[in-house]
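Following the hints, complete the assembly by docking chain B with the ligands onto the known chain A.
Residue numbers (the working numbering), protein chains in the order written: chain A, 1 to 734; chain B, 1 to 153.
Please keep in mind that the hints were generated in silico from the structure rather than gathered at the bench.
Note that the structure is predicted; figures quoted are calculated from it, not measured.
Beta carbons: idealized from backbone N, C-alpha and C, even for Gly.
Just so you know, not all the hints are guaranteed correct.
Examples of chain A residues toward chain B, derived with CB under 7 angstroms [to be verified]: (1) M72; (2) W150; (3) A219; (4) D224; (5) G644; (6) S668; (7) L675; (8) D679; (9) V684.
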Amino acid sequence: MSEITIQNLSRRNFLQGAAGLTLGVCLPLSAQATFVLPDAARIEPNKRFEPNAFLRIGTDNSITVISKHLEMGQGTYTGLATIVAEELDADWASVRIEGAPADASRYNNLLWGPAQGTGGSTAMANSWMQLRKAGASARAMLVAAAARQWQVPVAEITVAEGVVRHAASKRKARFGELALAAANEPVPESVSLKDLKNFRLIGKHVPRKDSAAKTDGSAQFTQDVQLPGMLVALVAHSPRFGGKVASFDDSVARQIAGVVDVVQIPQGVAVLARDTWSAKKGRDALTVQWDDSAAFKLGSDEILASYRELAKQPGAVARRDGDAETAFASAAKVVRASYDFPYLAHAAMEPMNCVMQLSSDGCEVWNGEQFQTGDQYALASVFGLKPDQVKLNMLFAGGSFGRRANIHSDYLIETAHIVKAIGGRAPVKLVWMREDDMRAGYFRPAFHHVLEAALDAKGTLTGWRHRLVGQSIMAGSAFEAMMVKNGVDHTSVEGASSLPYAIPNLTVDLHTPKDIKVPVLWWRSVGSSHTAYSTETFLDEVARAAGKDSVALRLDLLAKHPRHAGVLRLAAEKAGWGKPLAAGKKGEKRGRGVAVHESFHSYIAQVAEVTVRADGSLKVDRIVCAVDCGIAINPHNIVAQVEGSVGFALSALLRGEITLKAGVVQQSNFHDYSLLRLDEMPKVEVHIVPSAEPPTGIGEPGVPPVAPAVANAIAAATGKRIYRLPLAGQDLRG
Amino acid sequence: MITLNINGKQRALDVAPDTPLLWALRDGAQLTGTKYSCGMSLCGACTVHVDGAAVRSCSTPVSTVVGKRIRTIEAADADKVGQAVQAAWRKLDVVQCGYCQSGQIMGAISLLQKTRKPTDAQIDEALQGNLCRCATYVRVRAAVHEAAKQLGV
Ligand code: FES
Ligand code: FES
Numbered sequence: 001m002s003e004i005t006i007q008n009l010s011r012r013n014f015l016q017g018a019a020g021l022t023l024g025v026c027l028p029l030s031a032q033a034t035f036v037l038p039d040a041a042r043i044e045p046n047k048r049f050e051p052n053a054f055l056r057i058g059t060d061n062s063i064t065v066i067s068k069h070l071e072m073g074q075g076t077y078t079g080l081a082t083i084v085a086e087e088l089d090a091d092w093a094s095v096r097i098e099g100a101p102a103d104a105s106r107y108n109n110l111l112w113g114p115a116q117g118t119g120g121s122t123a124m125a126n127s128w129m130q131l132r133k134a135g136a137s138a139r140a141m142l143v144a145a146a147a148r149q150w151q152v153p154v155a156e157i158t159v160a161e162g163v164v165r166h167a168a169s170k171r172k173a174r175f176g177e178l179a180l181a182a183a184n185e186p187v188p189e190s191v192s193l194k195d196l197k198n199f200r201l202i203g204k205h206v207p208r209k210d211s212a213a214k215t216d217g218s219a220q221f222t223q224d225v226q227l228p229g230m231l232v233a234l235v236a237h238s239p240r241f242g243g244k245v246a247s248f249d250d251s252v253a254r255q256i257a258g259v260v261d262v263v264q265i266p267q268g269v270a271v272l273a274r275d276t277w278s279a280k281k282g283r284d285a286l287t288v289q290w291d292d293s294a295a296f297k298l299g300s301d302e303i304l305a306s307y308r309e310l311a312k313q314p315g316a317v318a319r320r321d322g323d324a325e326t327a328f329a330s331a332a333k334v335v336r337a338s339y340d341f342p343y344l345a346h347a348a349m350e351p352m353n354c355v356m357q358l359s360s361d362g363c364e365v366w367n368g369e370q371f372q373t374g375d376q377y378a379l380a381s382v383f384g385l386k387p388d389q390v391k392l393n394m395l396f397a398g399g400s401f402g403r404r405a406n407i408h409s410d411y412l413i414e415t416a417h418i419v420k421a422i423g424g425r426a427p428v429k430l431v432w433m434r435e436d437d438m439r440a441g442y443f444r445p446a447f448h449h450v451l452e453a454a455l456d457a458k459g460t461l462t463g464w465r466h467r468l469v470g471q472s473i474m475a476g477s478a479f480e481a482m483m484v485k486n487g488v489d490h491t492s493v494e495g496a497s498s499l500p501y502a503i504p505n506l507t508v509d510l511h512t513p514k515d516i517k518v519p520v521l522w523w524r525s526v527g528s529s530h531t532a533y534s535t536e537t538f539l540d541e542v543a544r545a546a547g548k549d550s551v552a553l554r555l556d557l558l559a560k561h562p563r564h565a566g567v568l569r570l571a572a573e574k575a576g577w578g579k580p581l582a583a584g585k586k587g588e589k590r591g592r593g594v595a596v597h598e599s600f601h602s603y604i605a606q607v608a609e610v611t612v613r614a615d616g617s618l619k620v621d622r623i624v625c626a627v628d629c630g631i632a633i634n635p636h637n638i639v640a641q642v643e644g645s646v647g648f649a650l651s652a653l654l655r656g657e658i659t660l661k662a663g664v665v666q667q668s669n670f671h672d673y674s675l676l677r678l679d680e681m682p683k684v685e686v687h688i689v690p691s692a693e694p695p696t697g698i699g700e701p702g703v704p705p706v707a708p709a710v711a712n713a714i715a716a717a718t719g720k721r722i723y724r725l726p727l728a729g730q731d732l733r734g
Numbered sequence: 001m002i003t004l005n006i007n008g009k010q011r012a013l014d015v016a017p018d019t020p021l022l023w024a025l026r027d028g029a030q031l032t033g034t035k036y037s038c039g040m041s042l043c044g045a046c047t048v049h050v051d052g053a054a055v056r057s058c059s060t061p062v063s064t065v066v067g068k069r070i071r072t073i074e075a076a077d078a079d080k081v082g083q084a085v086q087a088a089w090r091k092l093d094v095v096q097c098g099y100c101q102s103g104q105i106m107g108a109i110s111l112l113q114k115t116r117k118p119t120d121a122q123i124d125e126a127l128q129g130n131l132c133r134c135a136t137y138v139r140v141r142a143a144v145h146e147a148a149k150q151l152g153v
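Just chain A, same shape as in the assembly:
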């Protein structure tokens, strides 16, 4: 990765404040590859209109939108195509979507500088103006071509649903008929964009384009790729992070029908077979002796105990307002709480996998590709290629939640080593079984938080101290220099250092232990996955101590943050905050709790209603959500993302926990890392704040408020405060 120069482009580029991943990677010119699009061959180059990198219009009226972002469930393909089709005035039914090749010169994420990739809920935010212009300029060229052909003024031409019309002369043409002529028109230097009120697709219910393929089995995931002569590889991995192969015996494995080869790679021992089941039998028949001399051997209990020790000392300052020390010294009352958060696995339903083929001119990859630029560099360095010789085919991903955008390209590099070990003689599909995926690390880091609040005699919040201890996601990556400032990895403290409440004296500091070698990564909502919990449950406790209502106190402290206050008011109103909850059955206790949090420039408030049953078990009954993510491109999809975020967050809150014993991950499959089930899904109501602000993300921001809202509801029901996640095994009866 040494060729990459990194600079922070976040402030210059776009929204104020750093998002989860707002970074820039400056590429040498050699990285600016162009690849022939796989589909380009279908329509001959002289039979289509390709006004820009994001759009092709065929003489057959087909409209192909090129998506630079991965579709991993968030509705990205549909959303991006909607933006283009809106300004193009295309017929939505003729729009199809194709994944872009790896080419950072055309397809970089504008919020990541010149790097191509998907994440941080940035797909719509960074593409909004780019794709509106792409659609509008193509429309202008079609109109110019029509005006020239018909000898009429441009201003008299109208366009609707893929048809260009001149009313006075009763002439009309579909886009396809004008495509070739439009291709000869100059690309306009500037275009006017639609007024919001004239949107016909944006803000309406536009159905997902991937629904048909995902309901008839035809959608192509990496798992589904079959190439001629392809071998399936399963790998025996070290049970401990940092363990190496000391020796292995493959004599039994090699006798299994279908097994073709066994190779040692830096990640372990790979068995290659003609099919997946034979590879699995082969892999399970290996005996491997591991050299654990350099392996990480601590357990998660010991890790958290060491974090609690560290928390006794001041850490690197992430934010300092006023003078917290004095505020605490003169406080009438101090509230204090500490919190433990476990490691969490992404556990996408499609375990990690990758298909790779080496040829004389480079390497070709089929993958749910989430971080093109980083992966190109990583693979190029394994093979001794130039990054632009790494061709990446972006397929649907069966979920990711951050896992497939790995700054260390872990599973891609593993595949590359297997391909290299067999001399590139066959295409290889790396398949991770669920157990491999669960134990491979790159978890949401475990964290310990300590919070203290100072109240004066009137119960006013005068001071706030928040200390966090946990591993850095960015440390050791190519982004460390840019994302870690003064000892503070922004992704460790986001949501805590950006606390919106008006508290005059406030300190946030951080310890980043360097000796914990558990691989960690962003996990849907990144730092906010723990900071929203500690800040929003602690503030609730403070409200109780000050004798104030949870919503009223927040609104008092949010005078300068109208978008936070807006969603909070809306959620409270829709949930009937302040009105009594319907009583539960005999022995049941019911409660309502609230949380509000901004992440990735989107604002969400949630009110949870829960029932704690007589036996101490929990039922989350209903979650009312109010969302402000700027202009709602696809409200139906925003609702889906928030519903899904609620379920994702509840899995973690209820049972999500990866533990280690002597360095070995204890969980392996869904019986011991169990996900939320259908019967546990609460009612979810989503209300969207009308907005004319540019659109921001919705893939992640629904996650952070869920756990604190539910925990606050439990406290309201039984008085029990939850300081350790998950809830499993804790008595909630207060």
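Chain B with the ligands only, in chain A's frame:
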């Protein structure tokens, strides 16, 4: 060689008898709509029908389904119930990443074949073993009701 009746066709597959039906379908018959996710009957992603009943193909050795009718997501539209389920799924935009959805749909078809107007509790019972990491559950439930409505009683 083992011969299976898959989606109404006899298919001769070169797989070992202990091979789970899942891998025989995916790697042998090239029917990749049926998904692997856990391999231990814990998630439902691999759900197919064997003689009309929903089974977890990851834990069903091919030797046990010889001579039985196997139906996969690729033949979901082979009857009215399957068509109604697919239409409801599309109408309500149920899918997100889509990886679990073949299993959800095969589970839903099996439920509606037995129970034309399922209650929430019956939907819970039939589909709670079908995990969805994207948590599309609100819409899965709504789409089963929608399909039931389309089918009439
Ligand atoms: S893969 Fe068969 S139940 Fe999960
Ligand atoms: S739609 Fe993604 S796992 Fe269900």
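Hints versus structure:
1. Given the 7 angstroms rule on beta carbons, the hint for M72 of chain A holds: about 6 angstroms separates it from the nearest Cβ of chain B.
2. Because the smallest distance between the Cβ of W150 of chain A and any Cβ of chain B comes to about 39 angstroms, over 7 angstroms, the interface hint for this residue is violated.
3. Look at A219 of chain A: its Cβ gets to within about 5 angstroms of chain B, closer than 7 angstroms, so that hint holds up.
4. Contact between D224 of chain A and chain B, as hinted, is supported at the beta carbon level, the nearest pair being about 4 angstroms apart and thus within 7 angstroms.
5. The interface hint given for G644 of chain A is met, as the beta carbon of that residue sits about 5 angstroms from the closest beta carbon of chain B, less than 7 angstroms.
6. The criterion of a C-beta within 7 angstroms of any C-beta in chain B is not met by S668 of chain A, whose closest approach is roughly 9 angstroms, and the hint is violated.
7. Given hint, L675 of chain A at the interface with chain B, holds; its Cβ is 5 angstroms from that chain's nearest Cβ, closer than 7 angstroms.
8. For D679 of chain A, the shortest C-beta to C-beta distance to chain B is roughly 4 angstroms, which falls under 7 angstroms, so the interface hint holds.
9. For V684 of chain A, the suggested interface contact is upheld, since its CB lies about 6 angstroms from the closest CB of chain B, less than 7 angstroms.
Violated hints, in rising order: 2, 6; the structure is consistent with all others.
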